[in-house]
Structure formats: structure tokens, C-alpha cells
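**Student:** Residue numbers (our numbering), protein chains in the order written: chain A, 1 to 736; chain B, 1 to 81; chain C, 1 to 81; chain D, 1 to 255.
Derived from the structure by calculation, the hints contain no laboratory data. Don't take each hint at face value.
Mimicking DSSO-like on lysine-lysine, the simulated pairs with C-alpha atoms at most 27 angstroms apart in a straight line are [unchecked claim]: (1) LYS235/D <-> LYS210/D; (2) LYS61/A <-> LYS605/A; (3) LYS35/D <-> LYS206/A; (4) LYS35/D <-> LYS329/A; (5) LYS73/B <-> LYS2/C; (6) LYS218/D <-> LYS171/D.
To give an idea of the interface, some chain D residues facing chain A are shown, with a C-beta separation under 7 angstroms as derived from the structure [unchecked claim]: (7) PHE75; (8) ASN105; (9) LYS109; (10) PHE110; (11) CYS112; (12) GLU156; (13) ASN160; (14) ALA178.
Computed from a prediction, not measured in an experiment: that's the story for all the values here. Positions of the beta carbon are idealized from the N, C-alpha and C atoms, including for glycine.
One letter stands for each residue in the lines below.
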Amino acid sequence: MIDEKTLADHNLTREEYDLIVRLIGREPNLTELGIFSVMWSEHCGYKSSKVHLKKFPTKGKYVIQGPGENAGVMDIGDGLAVVFKIESHNHPSYIEPYQGAATGVGGILRDIFTMGARPIAVLDSLRFGPLDNPKNRAIMEGVVSGISGYGNSFGVPTVGGEVYFNDCYSQNPLVNVCCVGLAYRDRLFLARASGAGNAVIYAGAKTGRDGIHGATMASAEFGEDIEHKRPNVQVGDPFKEKLLLEACLEAMAKNLIVGIQDMGAAGLTCSTTEMAAKAGTGMEINLDLVPQREEGMTPYEIMLSESQERMLIVAEPEKVEELKKIFNKWDLDAVVIGRVTDDGRLKVYFHGELVIDIPVKAVVDLCPAYRRPARKPAFVNKISRLRKPEMPSDLNQVFLQLLASPNIADKEWVFRQYDHMVQVNTAVLPGADSAVLRLKGLKKALAMTLDGNALYTFLNPRRGGQIAVAEACRNLACAGAAPIGVTNCLNFGNPEKPEIMWQFREAIEGIAEACRQFEIPVTGGNVSFYNETGGRPIYPTPVLGIIGLIDDINKVPSAGFKAAGESIILLGENREEFGGSEYLRLIFSEEKGQPPALSLAKEKKVQECCRQAIRAGLVRTAHDVSEGGLAVALAECAFRSSRRIGFRVKLNDVIRTDALLFGETQSRIILAVRKKDARKVLNLARKMKVPAKVIGETGGKKMEIWHRGKKIIDLKVELGYQAWKNSIPNYFKIKK
Amino acid sequence: MKVRILVTLKESVLDPQGQTVRNALHTLGYHQVRDVRQGKVFEIELEGSSREEAEKIVPEIADRVLANPIIEKFTWEILEA
Amino acid sequence: MKVRILVTLKESVLDPQGQTVRNALHTLGYHQVRDVRQGKVFEIELEGSSREEAEKIVPEIADRVLANPIIEKFTWEILEA
Amino acid sequence: MKFGVVVFPGSNCDYDTFHALQNVMGQETVFLWHKDHDLQQVDCVVLPGGFSYGDYLRSGAIARFSPIMQEVKKFAEDGGLVLGICNGFQILLESGLLPGAMLRNKNLKFLCQYVNIRIENDRTAFTGAGRKGQVLRIPIAHFDGNYYAPPELLEELERNNQILFRYCDEKGNLTGEANVNGSLHHIAGIVNRKGNVMGMMPHPERASEKILGSEDGKIIFQSIINYLEKKKGKKSPGRTVSRPISPLPPLIGTF
Ligand SMILES: Nc1ncnc2c1ncn2[C@@H]1O[C@H](COP(=O)(O)OP(=O)(O)O)[C@@H](O)[C@H]1O
Ligand SMILES: [Mg+2]
Numbered sequence: 001m002i003d004e005k006t007l008a009d010h011n012l013t014r015e016e017y018d019l020i021v022r023l024i025g026r027e028p029n030l031t032e033l034g035i036f037s038v039m040w041s042e043h044c045g046y047k048s049s050k051v052h053l054k055k056f057p058t059k060g061k062y063v064i065q066g067p068g069e070n071a072g073v074m075d076i077g078d079g080l081a082v083v084f085k086i087e088s089h090n091h092p093s094y095i096e097p098y099q100g101a102a103t104g105v106g107g108i109l110r111d112i113f114t115m116g117a118r119p120i121a122v123l124d125s126l127r128f129g130p131l132d133n134p135k136n137r138a139i140m141e142g143v144v145s146g147i148s149g150y151g152n153s154f155g156v157p158t159v160g161g162e163v164y165f166n167d168c169y170s171q172n173p174l175v176n177v178c179c180v181g182l183a184y185r186d187r188l189f190l191a192r193a194s195g196a197g198n199a200v201i202y203a204g205a206k207t208g209r210d211g212i213h214g215a216t217m218a219s220a221e222f223g224e225d226i227e228h229k230r231p232n233v234q235v236g237d238p239f240k241e242k243l244l245l246e247a248c249l250e251a252m253a254k255n256l257i258v259g260i261q262d263m264g265a266a267g268l269t270c271s272t273t274e275m276a277a278k279a280g281t282g283m284e285i286n287l288d289l290v291p292q293r294e295e296g297m298t299p300y301e302i303m304l305s306e307s308q309e310r311m312l313i314v315a316e317p318e319k320v321e322e323l324k325k326i327f328n329k330w331d332l333d334a335v336v337i338g339r340v341t342d343d344g345r346l347k348v349y350f351h352g353e354l355v356i357d358i359p360v361k362a363v364v365d366l367c368p369a370y371r372r373p374a375r376k377p378a379f380v381n382k383i384s385r386l387r388k389p390e391m392p393s394d395l396n397q398v399f400l401q402l403l404a405s406p407n408i409a410d411k412e413w414v415f416r417q418y419d420h421m422v423q424v425n426t427a428v429l430p431g432a433d434s435a436v437l438r439l440k441g442l443k444k445a446l447a448m449t450l451d452g453n454a455l456y457t458f459l460n461p462r463r464g465g466q467i468a469v470a471e472a473c474r475n476l477a478c479a480g481a482a483p484i485g486v487t488n489c490l491n492f493g494n495p496e497k498p499e500i501m502w503q504f505r506e507a508i509e510g511i512a513e514a515c516r517q518f519e520i521p522v523t524g525g526n527v528s529f530y531n532e533t534g535g536r537p538i539y540p541t542p543v544l545g546i547i548g549l550i551d552d553i554n555k556v557p558s559a560g561f562k563a564a565g566e567s568i569i570l571l572g573e574n575r576e577e578f579g580g581s582e583y584l585r586l587i588f589s590e591e592k593g594q595p596p597a598l599s600l601a602k603e604k605k606v607q608e609c610c611r612q613a614i615r616a617g618l619v620r621t622a623h624d625v626s627e628g629g630l631a632v633a634l635a636e637c638a639f640r641s642s643r644r645i646g647f648r649v650k651l652n653d654v655i656r657t658d659a660l661l662f663g664e665t666q667s668r669i670i671l672a673v674r675k676k677d678a679r680k681v682l683n684l685a686r687k688m689k690v691p692a693k694v695i696g697e698t699g700g701k702k703m704e705i706w707h708r709g710k711k712i713i714d715l716k717v718e719l720g721y722q723a724w725k726n727s728i729p730n731y732f733k734i735k736k
Numbered sequence: 001m002k003v004r005i006l007v008t009l010k011e012s013v014l015d016p017q018g019q020t021v022r023n024a025l026h027t028l029g030y031h032q033v034r035d036v037r038q039g040k041v042f043e044i045e046l047e048g049s050s051r052e053e054a055e056k057i058v059p060e061i062a063d064r065v066l067a068n069p070i071i072e073k074f075t076w077e078i079l080e081a
Numbered sequence: 001m002k003v004r005i006l007v008t009l010k011e012s013v014l015d016p017q018g019q020t021v022r023n024a025l026h027t028l029g030y031h032q033v034r035d036v037r038q039g040k041v042f043e044i045e046l047e048g049s050s051r052e053e054a055e056k057i058v059p060e061i062a063d064r065v066l067a068n069p070i071i072e073k074f075t076w077e078i079l080e081a
Numbered sequence: 001m002k003f004g005v006v007v008f009p010g011s012n013c014d015y016d017t018f019h020a021l022q023n024v025m026g027q028e029t030v031f032l033w034h035k036d037h038d039l040q041q042v043d044c045v046v047l048p049g050g051f052s053y054g055d056y057l058r059s060g061a062i063a064r065f066s067p068i069m070q071e072v073k074k075f076a077e078d079g080g081l082v083l084g085i086c087n088g089f090q091i092l093l094e095s096g097l098l099p100g101a102m103l104r105n106k107n108l109k110f111l112c113q114y115v116n117i118r119i120e121n122d123r124t125a126f127t128g129a130g131r132k133g134q135v136l137r138i139p140i141a142h143f144d145g146n147y148y149a150p151p152e153l154l155e156e157l158e159r160n161n162q163i164l165f166r167y168c169d170e171k172g173n174l175t176g177e178a179n180v181n182g183s184l185h186h187i188a189g190i191v192n193r194k195g196n197v198m199g200m201m202p203h204p205e206r207a208s209e210k211i212l213g214s215e216d217g218k219i220i221f222q223s224i225i226n227y228l229e230k231k232k233g234k235k236s237p238g239r240t241v242s243r244p245i246s247p248l249p250p251l252i253g254t255f
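Could you put the whole structure together from the sequences, leaning on the hints where they help?
**Tutor:** Shown next, in the form of C-alpha cells:
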């Protein structure tokens, strides 16, 4: 009955099928095959990545819950816990940008509140093809409004993120969304169906034929047949999700819930089997009781539907009535559809017939793990060789061009569409290195950031992974925050290709090494493979989401200059490095060379020094040096000051001027301090053995940079500001 | 020439807006209302177009710009020739 | 019974959505498009209603709920009896 | 004074407003559930921001039918103070408690940003603590804040001094650029003829603490408190927050 075509349609190999037959002791029926197919998909089963993900450090003093649950949980003291996780929604966002991105937000929000936390912030990492192509603009417009449409309505602030453009994303945009939630430490909930005899309750939206096989879609490469995958897209209902949030949190606070899991990828299938497997129990459900939006749905469709805004809850029978009352108060359905059993099996009834009967362990825990072959791609050595570029004649012009590069230009066009202030906690709004959220009633605060540099990772995946961690932590350090936990989204091509697997393995090892060095545990994340269309993979794109803790929110510096006449200090040192820079890419169209060198030990010291200076109350402005180099970082400090204060900087490093201005040497932070405090900061740096010097002063209406006695940059702040500010909006201006 | 294009969600696609309107109507006592689907309407004025031209470009416009064929469908008609 | 209600902005109210669509169409080379107005369409399924009942309640629903009379106007028709 | 913040399904600034009134302004504050008919003897009703009923039909269009709104209408007719913020303003317009309507922002995008608004009339219950011409820096966050009214009505609003706030630049000039959503006459907030019902698009509760970047929003809350104290002839107890402020909202809707 199950032929090769059916297997291929389910993305299962003959070997995997044989394993299924062995595990359940007979041939599966089609519905059971569907269940294995989604649960053993790359998206749910992590079959190509599992062996490598083990390399991440996952323990640490703050960790309450590491990988394996819906989200990671960190203890931040005062009886509070932070719950956070990142998720990709790449393929759906290409097919239907608005709904794809919107439901991506919806999914990650549920991951957070299913654990008992109230979502307090969202961050988004977006990657598109270049904006001169109208198709890319349409995708970006749709994605941004989808995120805004869902998050704003739900009432969670979208406080930060990143946007990056490169042709490799034209057919495969990336939409990664990270959510941060806050919970009481002693009121966390897990996805466990404990206690045989307990009721299994279905809550939330009705089930329709939405997104059937979304998970397998996320686990396959796009070919020419993309058209027929289209119906998989789901429509989100943020209003319903908001009600679901309030109802769930209320039921949790009233202690009515034993275990709970959202129905995300693979819907009922995933939530029933996982909850039972984790608790070592079984489950029996009756599909006739599942609220349905459409008529004539088959067990296959009901089990695999990915309709949004649904939850599966396990509760003690005597609490069911009160639970229902709460959901009804919030105008939501909550119905008992089955019960927990102790036989370790998932038994599903439909029209009085037993249509599924399989061991949950087989589905959840026995998915094969592959150690896929890895091979260093031939191109790596070739692209890492770089001839030094010719020195441009007009550096001011190059500077302006860089400021207007969409990768560097102001992203306000994006975050202005996001409600980034709802919940009245956002103390540092988008536009700074990291977002800062106050915790009402407390002095401590949270900082958060998303970071990744795919070009670096493409050129050298191991170092790219390390730099992503280093840069994210550096962003936190600029807010005075110490990193406490990591989540990550690994966006890669087809893992069945050894070259992709090599990139993946290298990047993971780089990230793991850096996390170990910074002593921060990885508490969760997401792997998105098969980001290829027509055989062309994206650049390997790891995105790191890191949470930091701030002792005293009143000492957080701003990202822009605060006043004229302050000393500008550079922590770290300038080196002659061109590889992987935006400068090379934009001006010379070269995506080549080695990414900047990184010493994790030095990086850590620079960050620690920055943090200590901030804690001592000495720092007025802090900003790290990243894409675009030192000149761009200084310009951003000018642009982000409310009065657009200029600067004059004098440098004497014996390196090429263009490398000094635009090279992306790591481990550098710009500080602005009151003149009288400059000495104190330098002393602190000397004690910590961190290179530091005063390089100039804030003030005036111009950006001036001198190199060894020669003025090399001389530009009105306003001119640079306009180029930086208008670049992205100009692409979207409607031509009348 | 004036044409009208109606864009609505495909039957099987969730329509949260329509559902909310239906619920509101029930609350107001309009229990006869069994189902509501909400969509968009575009009224387009075409300059000096013939019927043949309209028949060529209107579906094209609807498909490329006004509707997202993945989740929406459209119908159209000529209001004034 | 199935009815269709069209809700559009009054002529006197500026319709930026319609204008944006028109501009987008011009950019794509559809220069025949002189004007676009965008509105909403509701398709409502009424249970066991007679034509008289529909004629009573549909305008009522449209006026009370579906359209905001300050900025919008509506028309309606019976699709299926 | 006693404030009541209405909770509609989809409200999402309910706790923000509650926090500003209770924890920042030190006033007794309660939530009012949309299915209830009881206004709990509050002195002022606040309709908070958010997306009541998802704003799926039109912003604020469905909330006006909820049971609590019948009471709010009566309360307003009897002269009670009603403040609508953002979605609350939209609900007041839809329910006819304030004149006019909201269109989509002129750039057809959701806008979340600080704006400057100029106080146009400081002789109302909602602006008494400020002065005419004063510029306040308060954030907006909305999709439909492009105020519209037919010409006769606009003229009437002008004539009766019902326009309380207009979008302006930081110096108070009514530049086209400052009018980010395209509102007619730069209108950011209006009051009814009787002066007891006010709606504004900017969010004063988001601008009530220094740590969030602005405290200008407090002027609106303070005005209301001053007005009520004067009317009732007694002082508000002032900052009387006894409970520690919790970083997480209480359970909304469990009352
Ligand atoms: N997609 C986005 N959503 C929200 N905020 C964004 C987004 N993209 C960029 N930002 C904000 O713009 C600012 C600049 O981003 P970026 O240049 O990537 O910062 P950095 O290099 O310091 O990580 C940051 O505050 C960031 O949070
Ligand atoms: Mg940075």
C-alpha cells in the first residue's frame, strides 16, 4: 500500500520506512505514516543536526531549563525567570510574506506563554535580496507588515532585530523571530502529560485544513514545484492569540493545569505524542470531539493540520469545569478530547474506529540521527585569497556610499511599523546596540540583541560563528549588560550536501567555543535547513539571540552622543583587515577574504572593561564597531544623538587609511565620556590590560577624521544623516 | 470603462475578520447570520479601454497586484462600458 | 440566503489605499488605469430568511455595523435566494 | 480619585494605563470588564489602547456594542469624565461619544514613534495642568489615526475650541512633516461639546516615567486629578502605593 511515491511525498526514505515498520511491528496506515513523516522531518526531528547540537554548552548558574522544552528558562533573581527562544519561518514567508511572517510571530509567542511566561519582547532577524528588485521589496514589505500586524495586535513590543540584504536571499528570504517572556520562577509549566486518567483538553481556534505538512515543507528544498506547496500557508489571528494568552495565564495562576503544549508545527500530532513521551505516559483521543472549522476532514488532516492559535492542555478531571469556564470567559473553545493513559501509546479514534495506534516513544525519541558526511567546499580556499583593493581617491564619497548602503543605513522604516513601546518597559528603543527593558519596580533590567554576519560565516564558518556570539555580547556590553543565556537560529542549505554539512559543523563548533569562552549556556534554538531554491543555497546564516542582565538601569548609556565637548575613547585596537567587510562588498563588489581575526580572550576583556566603566557611572555613550568599521560607528553615534552632534577624531595607527576607516576589526567599542572622567576610564582599561585611548572629541556640525596629521573625512553630519536615514525609505517611495 | 473586482479569501482559508463580524452580529441579536466572509473590492476606472482589452488586463491586474493567489480568489465584472 | 454588501469610502473622502494601488499599477505599466477606489465586501449567509426579512435586516446591519456612515457608503444585493 | 480602566477583548494597553494611574500617579485604579454593567463608582473611565476585537472590521467598531459601553454612555451623559486613548479614542468615535472618524494613516503603515503635540486649549478637565501652546512629547502607535470630519464639523470643532492637541514640530509649528498620519487640521485629540469626553491618539501612559524617555503624558492625568479634586472639594491621597510594584501584570479579567 505504501509505495515509493507515497514515501517520497512524505519525505521519508525506504530505510526510514523499514525502521518505522520495525518500531511499530507492522506496516503503518497512511495517517500513521503522515505522523512519522512530520515528526521525523528535519524540522521536528532534527535528524541531521542532533549530533552537532550536542556540542553546545547548556549548563550555567542561571539556567533553569536548557534545550528540550518549548523554550529556555533563566533565573534572574527576585523570584523571576526569563523564558526565551528563536524560531524561523523562512519558507512560509517566501510563499506568502504577510501571513508567513505573522504566523511565525504567533508560533514563537505560543512557545513562550505555554511555559507560563508573559511575552514581553520580540526581536526579528530579517534577510532579503537587494532592494532594487521590486520582488524583494514586496517580500520585505509583506514580512515587515506581517510581523507588525501580529505583534502589535497581540500587544508585545518588537524591540530589536536586524535587517540584512544580499542576493543569496532573493529566492530564500530569512525570517527569524525571537521572543522573550517573563514568568514567576515557581510557576513554570512544562509540556508533560502526567497522570494517567487526567483529561486532555483542546483549547483555542478550530481546526481547519491549514498548513498540512508545513513541517515537511520546511524540511525540503524549493524546486520548480513551489506552486503546489502553496496551500500550506496559514492565516494568523492575533486577536485570538491574545485571548488565548490571557486564558492560559489565568488557568495557570489558578493551578488548573498539569501540562500544556502549543500546537505548532505538526499540530495535534506533535503536541499529543511529545507530551506523552516526555511524561512516559500514553494518550487516547477522539477526533470527533476536536472543534473543526471545515466539514469532512479526515483523521490525516485533523492530526496534521497546523491551524494556529491552539493549545493542548492536560488537567485533573475535577478541574476541567473551572478551566472551561476561564476559556469561555475569554470567548474561547476548550473541550475534553481524550485522556492520559499509562500504556505509552497514542490511540486515536475517529467515527468510533481506532485509526491510529502507535508507541509515542517511537515517534518522538527514536527518530534516526544522521552523522551526515561533511566536506570542505572547494571554493573556500579560493575566496579566502584577497588582493588588497586599490585605494579610493575620495574617501568622503566612499563614506557616504557606505552610510547609504541598506545594510548599514537606518532601519527605522522597519521598526517604526512595530509597536516597540507597548507594555511600557522599553527603556532603550530600537536604534541602539541592544534593546533594554526595565523590570517594573526593580533596579535591574534586561538587555537583548540578535546578531549574525552571514558573509563572515560564508568565508569562514567557524570564525563567523564565533564573531556572531562575540558581537551579540558586545552589543549587550554597550548597554552595561552581562550576557546570561543564548538562543540561536541556524539557517543553512541542504544538509544532504557534504559542503553544507561542513559549514554547519564548523559554525556550530565556532559558536560553541565562543559560548564556552563567554561562559554562557545555549538554552535552545532552531535549525532551518534546506534554504535553497533551484540548488542555490543561502550563505550559512547563524543568528544569535542573547539576553543580558543589567544591575542598574539608571546607568545605561545612550547609543548617540549626549553633549558636545565630551571625550571619545576607543577600546580595542585598529588593524589592517579588509576581508568580508561591507566596504569591499559595496565598493569593490568583492565578497572575499578572511573575516576579521578574533581573539575570544581579548574580546571578553574589552567587554568587561566597557561594562565596568558603565557600572562605575562613567559612560555617557557606548557603541560597538561592526559593519562599516570605525567611521560608520562614529557616524552612528552622531546620527543617534537627538541634536546630531558631530565629532573630530585624530588617529595615528600605521595602517592603510581605508582599512582604518572601514575595516571591520573586532573587539572595538567607542565610548563618549565627560572630559573629567576620561582619565578614570583609561586607568580602568590599563588595569584590565585593554588597549584604550582618547581619539577625539564630540561637538560641532561636522564629522571630521584625521589620520597621521591629514584630514581624511570631512563631512557635514546632516549630509551623512540624510544619506543614512533616507536610503531604505527611498526604495519604497511610491513614484507618482 | 469602470470595472469592479472582488477579492475574497479562498473557502478553506481562515477568515478571522469575517468570524469576528459574525460574532458581533450574533451579540447584537442577528442570529439569522450563519456565516460572514470579508474581502476587498476595487473599483477601477479604465481610460479608453475596449471590452477585449479589459478582459485581458483586469484578470492580469487582479492576479498580479490585487489578490494573492495563494490564499485569495477574485471575480470581476464590468460596471459601465 | 446569501447576500453581498459592498462598503466603500464616500466620494468626498480621500482614498489613499486606492491611490496607492493605482500608483503601483502605473509603475507596472498599466497606464490605462485612471482611478482606483478600494473598499470592503461582506458575503453573508442568512439562515432561513425571506426576501422581506433580508430587505429589513441587511441595510440595518450595514448601517449599524458594517459601514461607518461618516466616511462610508454601502450597497447590497441578494446573491442566492 | 478613582479611575476605571476598561478591558475589552484585545485591549493591550490596559495594564500600561493601570500602571501609570496607580503606580505613577498614585490613584486608586480598577479594571472594568467589558461584559459587566458596573462602573464601580469610578470618577473617571479610561478606554485604553489596543486592538479591541482585533480591530478587524474597523478600529473600535465592535467594542462600542459591549455591555460596559452602554454604562459608559450613560456615565458620559451624566457628565462623568471619559478619556479614550488610541483605540479608546477610536471606540469613542465609533460609538458617537465624540464626532468624526479615523482613516488609515496617510502612508498606509502602522506608525510607532514619538510625536510632538501642542496644547490648543488649556481650559478643560484634561489639559488644565498644561498651558496653551505648550508642546508635549508623547508616542503614538496606531494604524488608523488619520482624523477625518466633514468640513462643517471641523469648523464647529474649531469654533468651540474642541481641538485639544495638534501634531506639530518640537517648536510648536504645524508643519506638514509633523502631521505624520495625515489628520485634518493636524488633530491629535478632541473633546466633546460638554467637555467631559476626550479622545487622543498619542499614549500619555507611555510618557509618564523618566526611564521611558518622557514624562509629558503625566500632564493629562494630572489635569484630570486636579479637576476632580476641585470638583469634589477634596484632595486625592496622592502617592499611596502600598503594594510593591510587580514586574508582571496582575491577571487581567479575573475580577
Ligand atoms: N528587523 C528589525 N526589527 C527591529 N529593530 C531592528 C530591526 N533591524 C534593525 N533594528 C534595530 O536597528 C538598530 C541597528 O541595527 P544593527 O545595525 O543590526 O545593530 P548592531 O550592528 O549594533 O547589531 C538596532 O537597534 C536594531 O535593534
Ligand atoms: Mg552593535
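**Student:** Next, verify each hint and record whether it holds.
**Tutor:** Taking the hints in turn, this is what the structure says about them:
Restraint check for LYS235/D and LYS210/D: satisfied, since their Cα atoms lie roughly 25 angstroms apart, inside the 27 angstroms limit. This hinted pair checks out: LYS61/A and LYS605/A have alpha carbons roughly 21 angstroms apart, not beyond 27 angstroms. Among the hinted pairs, LYS35/D with LYS206/A is consistent with the structure: their alpha-carbon atoms are about 24 angstroms apart, no more than 27 angstroms. Restraint check for LYS35/D and LYS329/A: the C-alpha separation of about 9 angstroms stays at or below 27 angstroms, so the hint holds.
The straight-line distance between the Cα atoms of LYS73/B and LYS2/C is roughly 18 angstroms, inside the 27 angstroms bound, and the hint therefore holds. Restraint check for LYS218/D and LYS171/D: satisfied, since their Cα atoms lie roughly 20 angstroms apart, inside the 27 angstroms limit. Interface restraint check for PHE75/D: the shortest CB-CB distance to chain A comes to about 24 angstroms, outside 7 angstroms, so the restraint is violated. For ASN105/D, the suggested interface contact is broken, since its CB lies about 10 angstroms from the closest CB of chain A, more than 7 angstroms.
Contact between LYS109/D and chain A, as hinted, is supported at the beta carbon level, the nearest pair being about 5 angstroms apart and thus within 7 angstroms. The closest approach between the C-beta of PHE110/D and any C-beta of chain A is roughly 5 angstroms, which is under the 7 angstroms cut-off, so the hint is satisfied. With 7 angstroms as the threshold, the beta carbon of CYS112/D comes within range of chain A, its nearest partner Cβ sitting at about 5 angstroms, so the hint holds. The closest approach between the C-beta of GLU156/D and any C-beta of chain A is roughly 33 angstroms, which is over the 7 angstroms cut-off, so the hint fails.
The beta carbon of ASN160/D is not positioned within 7 angstroms of any beta carbon in chain A (closest approach about 33 angstroms), and the interface hint is therefore violated. Interface restraint check: ALA178/D against chain A, minimum CB-CB distance 15 angstroms, threshold 7 angstroms, status violated.
Going down the numbered hints, you'll see the structure goes against 7, 8, 12, 13, 14, while the others check out.
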